[in-house]
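**Q** Those protein sequence lines, which keep their order, are chains G and U.
Every position in the first sequence, counted from 1, becomes a number in the numbering used here once 343 is added.
Every position in the second sequence, counted from 1, becomes a number in the numbering used here once 403 is added.
Just so you know, these hints were derived from the structure itself, not from any lab.
Since the structure is predicted, the reported quantities are computational estimates derived from the model, not experimental observations.
Using N, Cα and C, we set each Cβ at its ideal position, and we do this for glycine too.
Watch out, some of these pointers could steer you wrong.
As the list claims (entries may be wrong) - Beta-carbon label-pair distances, calculated as ranges:
| id | chain 1 | residue 1 | chain 2 | residue 2 | range |
| --- | --- | --- | --- | --- | --- |
| 1 | U | Glu479 | G | Arg577 | 31 to 41 Å |
| 2 | U | Val481 | G | Glu598 | 13 to 23 Å |
| 3 | G | Pro527 | U | Thr786 | 50 to 60 Å |
| 4 | U | Asp495 | G | Leu556 | 40 to 50 Å |
| 5 | G | Leu558 | U | Thr750 | 27 to 37 Å |
As the list claims (entries may be wrong) - From the derived model, a few chain G residues whose C-beta atoms are all more than 12 Å from chain U:
| id | residue |
| --- | --- |
| 6 | Ser387 |
| 7 | Ile432 |
| 8 | Asp438 |
| 9 | Thr480 |
| 10 | Ile516 |
| 11 | Ala536 |
| 12 | Val549 |
| 13 | Phe551 |
| 14 | Ile568 |
| 15 | Phe578 |
| 16 | Asp604 |
| 17 | Arg628 |
| 18 | Lys737 |
| 19 | Phe764 |
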Amino acid sequence: MAHQVALTVRVPIKPGQMDKLRQELALVNGDIEDNELVPFARLSRVHFARFVILDEAQDLRGNVINPTLVFASNVDAPLKNYLDELMAIAREGLDRIFSNGEGYPAPAARTDESRIAYLMARSIKTQAFYINTIGRTVEQVRQEASLRDAIEDFLTRQQATGAMEAWPAQRIIAAVQEHVRTEPSLAWALKRAQGLALWWRLKELVRFILIVLVLLALTPFLILILPLWLVLLRFHEKRDARAGNLRLSSMQRGELESFEDHVVQNQISAVGHIKPGWFRALTVRALLLALSFSVRHVYNRGDLGTVKPLGLVGVNTIHFAQWIMIDEGRRMLFLSNYDGSLVSYMDDFVNKVAWGLNAVFSNGALYPKTDWLFLHGAHDEQGFKAFLQKHQIKTQAWYTAYKQYTALNLTNNAELRAGLFSNLREQERTGWLQRL
Amino acid sequence: MSTLNLKDIQGIIARGYGELEAGCYILLSIRDAKAARAWLGRLAARVTPADERPAEQALNIAFTCNGLKALGLDKETVETFSHEFQDGMASDYRRRILGDSGESEPAKWAWGGPGNVPVHILLMLFALNEEARQKFCEMLSQDFQSGGVEQIGETLKAVVLRDEASNCSKEHFGFCDSIAQPFIEGLGKTGPPANTIKAGEFILGYPNEYNLLTERAMVKAERDPQGILTPDAEGSGNRDLGCNGSYLVFRQLQQHVNSFWQFMEEATRDASGKSHPDARIRLASKMVGRWPSGAPLVLSPNADDAALGKENDFAYYATDPHGFKCPIGSHIRRSNPRDSLEPHRGTEKSIAVNKRHQLLRRGRAYGQPVAASMNPEDILHATATGERGLHFICLNANISRQFEFIHQTWVNNPKFDGLYNDADPLIGERGEDEQKRQAAIFTEQTAPLRKHVSRLPQFVTVRGGAYFFLPGLKAIRYLASI
Numbered sequence: 344m345a346h347q348v349a350l351t352v353r354v355p356i357k358p359g360q361m362d363k364l365r366q367e368l369a370l371v372n373g374d375i376e377d378n379e380l381v382p383f384a385r386l387s388r389v390h391f392a393r394f395v396i397l398d399e400a401q402d403l404r405g406n407v408i409n410p411t412l413v414f415a416s417n418v419d420a421p422l423k424n425y426l427d428e429l430m431a432i433a434r435e436g437l438d439r440i441f442s443n444g445e446g447y448p449a450p451a452a453r454t455d456e457s458r459i460a461y462l463m464a465r466s467i468k469t470q471a472f473y474i475n476t477i478g479r480t481v482e483q484v485r486q487e488a489s490l491r492d493a494i495e496d497f498l499t500r501q502q503a504t505g506a507m508e509a510w511p512a513q514r515i516i517a518a519v520q521e522h523v524r525t526e527p528s529l530a531w532a533l534k535r536a537q538g539l540a541l542w543w544r545l546k547e548l549v550r551f552i553l554i555v556l557v558l559l560a561l562t563p564f565l566i567l568i569l570p571l572w573l574v575l576l577r578f579h580e581k582r583d584a585r586a587g588n589l590r591l592s593s594m595q596r597g598e599l600e601s602f603e604d605h606v607v608q609n610q611i612s613a614v615g616h617i618k619p620g621w622f623r624a625l626t627v628r629a630l631l632l633a634l635s636f637s638v639r640h641v642y643n644r645g646d647l648g649t650v651k652p653l654g655l656v657g658v659n660t661i662h663f664a665q666w667i668m669i670d671e672g673r674r675m676l677f678l679s680n681y682d683g684s685l686v687s688y689m690d691d692f693v694n695k696v697a698w699g700l701n702a703v704f705s706n707g708a709l710y711p712k713t714d715w716l717f718l719h720g721a722h723d724e725q726g727f728k729a730f731l732q733k734h735q736i737k738t739q740a741w742y743t744a745y746k747q748y749t750a751l752n753l754t755n756n757a758e759l760r761a762g763l764f765s766n767l768r769e770q771e772r773t774g775w776l777q778r779l
Numbered sequence: 404m405s406t407l408n409l410k411d412i413q414g415i416i417a418r419g420y421g422e423l424e425a426g427c428y429i430l431l432s433i434r435d436a437k438a439a440r441a442w443l444g445r446l447a448a449r450v451t452p453a454d455e456r457p458a459e460q461a462l463n464i465a466f467t468c469n470g471l472k473a474l475g476l477d478k479e480t481v482e483t484f485s486h487e488f489q490d491g492m493a494s495d496y497r498r499r500i501l502g503d504s505g506e507s508e509p510a511k512w513a514w515g516g517p518g519n520v521p522v523h524i525l526l527m528l529f530a531l532n533e534e535a536r537q538k539f540c541e542m543l544s545q546d547f548q549s550g551g552v553e554q555i556g557e558t559l560k561a562v563v564l565r566d567e568a569s570n571c572s573k574e575h576f577g578f579c580d581s582i583a584q585p586f587i588e589g590l591g592k593t594g595p596p597a598n599t600i601k602a603g604e605f606i607l608g609y610p611n612e613y614n615l616l617t618e619r620a621m622v623k624a625e626r627d628p629q630g631i632l633t634p635d636a637e638g639s640g641n642r643d644l645g646c647n648g649s650y651l652v653f654r655q656l657q658q659h660v661n662s663f664w665q666f667m668e669e670a671t672r673d674a675s676g677k678s679h680p681d682a683r684i685r686l687a688s689k690m691v692g693r694w695p696s697g698a699p700l701v702l703s704p705n706a707d708d709a710a711l712g713k714e715n716d717f718a719y720y721a722t723d724p725h726g727f728k729c730p731i732g733s734h735i736r737r738s739n740p741r742d743s744l745e746p747h748r749g750t751e752k753s754i755a756v757n758k759r760h761q762l763l764r765r766g767r768a769y770g771q772p773v774a775a776s777m778n779p780e781d782i783l784h785a786t787a788t789g790e791r792g793l794h795f796i797c798l799n800a801n802i803s804r805q806f807e808f809i810h811q812t813w814v815n816n817p818k819f820d821g822l823y824n825d826a827d828p829l830i831g832e833r834g835e836d837e838q839k840r841q842a843a844i845f846t847e848q849t850a851p852l853r854k855h856v857s858r859l860p861q862f863v864t865v866r867g868g869a870y871f872f873l874p875g876l877k878a879i880r881y882l883a884s885i
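Hey, can you work out the whole structure from these sequences and the hints?
**A** Here it is as structure tokens:
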């Protein structure tokens, strides 16, 4: 089983080609799974993908930032396999889209190699990449979903005939195991899910240990600068420009809503300016490093933000999210794929991890006022929601590989598969059956 | 903190006028803005405030966004109302998130939909008896023509289905309704802390459960030269049009009572075709979450217990985390999960978050019961004529975080609390295509193995609806003066 990687390509849009580009992307989004340009459903390694146009903007000093196209994919490693498949399935479609971007190979020079080289050359780094469960591939998601369906089907049919009436848990599970064994298409379920490669896990462990050691070594230094940092923080917090009325007009909100709540999951793309000055620039980089460390080594099994000793409960509805610094650190791009409505997503964050939002996003211009980095800020429920929605931008095309499953469903399916043929103890058996 | 200005708050927020059993709702269209404003000015004196306990009759009034525009409210002020209110319940997006599809789609509505005369004003009348109500209605309607307003369709009459045995009012399926109403902090009645909600969740202008003031409509000071409105408590210099008001959600829900009990009957018949009346009621109660008497399944999982009929002081997580007593997907559990959701299930913290998604229900049933006894056996043998159901009306300060959140994220969500395919068994969207209908499942969590009931038909059809603004009394006088 492979871990997951994010490929984020950003290209300037050729002057005069914006309309054409929008048309092409509208075609893609019109039938995201099976359109004639990029039929995403045929890409076997893609969890989520999107095309987003970042319109022309001005930075906080009034300098123009030219319009760009972002193509972000969250895929199973290795990246090479994804790119090869992408070429095979969508090279002409990509040509149609990216020929509207600067520097795309001229028609005569287009080969898979030159196309891939183009994408890689324009790929940008993601400062923090949240993966709900590292190592769970698209194949695993699909297989485990089909397993659950098969088991549910079997049980419902059995119950309809009256069989299984008054059976104890052990007998029911034995019958399920027997059924799965006799079903050739479920042969893969007889084995445990292939975990992440040992070398990869070792590599990550070593990385984790090294970073912790480095942090420990730096601790005296960090303790020294902490008071200075706090003083500067308070100075900036008191001085930061206050947001005026951030409310979106009803029409603007309506435009964004037309893209939402078509399937079980939703996406959000948001872009904002980082507050000016070196203090904020440094702080946001440091916090993104901390975020990156925590999502890679700590929050990688279904949860984001739980801190047990502090009694903080995290959010378990996000599939993949990326925090990306763009435009030489002047702006941040936030891309997220999550379950449920935007309102419930924001509510979840406000109610559970406001502290985390505050830490990262308070470095963004116009964020609701924080105190001591963690306090207030997102606790201003409507202020935070207005801030996020004000910075939300349209996502021209968005794909999800498992549109009818929530993150909780996926975890449940994985536990179901894991427990099916493992020798469960008596009290574990009823727990396992409750997953159905 | 701040005491409630009961004189300025409309009475329907404080009470449902239970003693005034004859009620009706009149929908109006504004034909002449100037005449309508004058009419509104005259009507204002009749509007029942919250500091009165009317012995004989009560009147309250609310406006849709189109209604405010038709009345002549300026564009800038209209745009300070919430987005949901401006968008309206029948918009594409809201139709999608509320699950109003198939027979329930707004294009098929009797009122409030894109094919109907736009609703501008809602009048809610209550009187001691039918005769008094009719007189009250007639008296008001005499003023309509000269008042530049016109009634849309028939008067929507409401009934109270009082059940003596259970001492409650029932809804048409036969279950005691309206038991779990929140207590509003600052109003007379007090209740358990777990169910006492800050006034600002239901009345604009007071702190909500975040201890902040919910956004409300504002008027620029120069547009209120007479100084009718309260100044904005947050010091913006604007005049608070929303102060002491609320948002009112109205959905006319037709209930298919025969279809409901027919389904229960078929689902509980045994292989030889024999009926099991007890199992019928049990399955229906599992879907509701309470027995017909109102007794919560959580407290009495095996049999109805009339003594627990009014019981509302209970929680889920400690005694029923898996849903063995009250199924996870049952109606009352998902419309008010209490302490069963994260964060910190089973604790005060969970309840504190739950308090941010509460509704004040003020609706009433309509139509004649299929069988006066409300007994399923009688219902199954009776032939129903005419329409019956529930005029669902609720009040909230924040439609998005309260009504829409509850409906979209809890009630009509097949993924509620870890479920896969269970939307609300009573009112959840069933889906238009065969595949979706097959997926319309109700899961009864049971040890060791869950029971599924599938292919639930649509028991409830939406017949009309709209989002309204229920203004404070000063706001009514302001609207009359613009």
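**Q** If a hint holds in the structure, say so; if it does not, say that too.
**A** Each hint tested on the structure:
1. Between Glu479 (chain U) and Arg577 (chain G) the beta carbon distance is about 38 Å. The supplied range of 31 to 41 Å therefore holds.
2. Judged by the Cβ atoms, the range 13 to 23 Å given for Val481 (chain U) and Glu598 (chain G) holds: they are separated by roughly 18 Å.
3. Remark: the range hint 50 to 60 Å for Pro527 (chain G) to Thr786 (chain U) is upheld by a beta-carbon distance near 53 Å.
4. Remark: the range hint 40 to 50 Å for Asp495 (chain U) to Leu556 (chain G) is contradicted by a beta-carbon distance near 56 Å.
5. Between Leu558 (chain G) and Thr750 (chain U) the beta carbons are some 33 Å apart, a value that agrees with the proposed interval 27 to 37 Å.
6. Annotated as non-interface, Ser387 (chain G) keeps its C-beta farther than 12 Å from every C-beta of chain U; the closest such distance is 24 Å.
7. For Ile432 (chain G), the requirement that its beta carbon stay farther than 12 Å from each beta carbon of chain U is met, with the minimum near 27 Å.
8. Distance check for Asp438 (chain G) against chain U: the nearest CB is about 34 Å away, which clears 12 Å, and the non-interface claim stands.
9. Residue-level check passed: Thr480 (chain G) sits 21 Å from the nearest beta carbon of chain U, beyond 12 Å.
10. The Cβ of Ile516 (chain G) sits about 9 Å from the closest Cβ of chain U, inside the 12 Å cut-off, so the non-interface label is violated.
11. In this structure Ala536 (chain G) is separated from chain U by more than 12 Å, as the shortest Cβ-Cβ distance comes to about 20 Å.
12. Every Cβ of chain U is farther than 12 Å from the Cβ of Val549 (chain G); the closest lies at roughly 34 Å, confirming the non-interface assignment.
13. Against the 12 Å criterion, Phe551 (chain G) stays outside the reach of chain U, whose nearest CB is about 27 Å from its own CB.
14. No Cβ of chain U approaches the Cβ of Ile568 (chain G) within 12 Å, the least distance being about 33 Å, so the stated non-interface status holds.
15. Under the 12 Å C-beta cut-off, the non-interface status given to Phe578 (chain G) relative to chain U holds; the minimum distance is some 26 Å.
16. The beta carbon of Asp604 (chain G) is not kept farther than 12 Å from every beta carbon of chain U, the shortest such distance being approximately 5 Å.
17. No Cβ of chain U comes within 12 Å of the Cβ of Arg628 (chain G); the nearest lies about 30 Å off, and the non-interface call holds.
18. Against chain U, the non-interface label of Lys737 (chain G) holds: every CB pair exceeds 12 Å, the least being about 14 Å.
19. With a least beta-carbon separation of about 18 Å from chain U, Phe764 (chain G) lies farther than 12 Å from that chain, consistent with its non-interface assignment.
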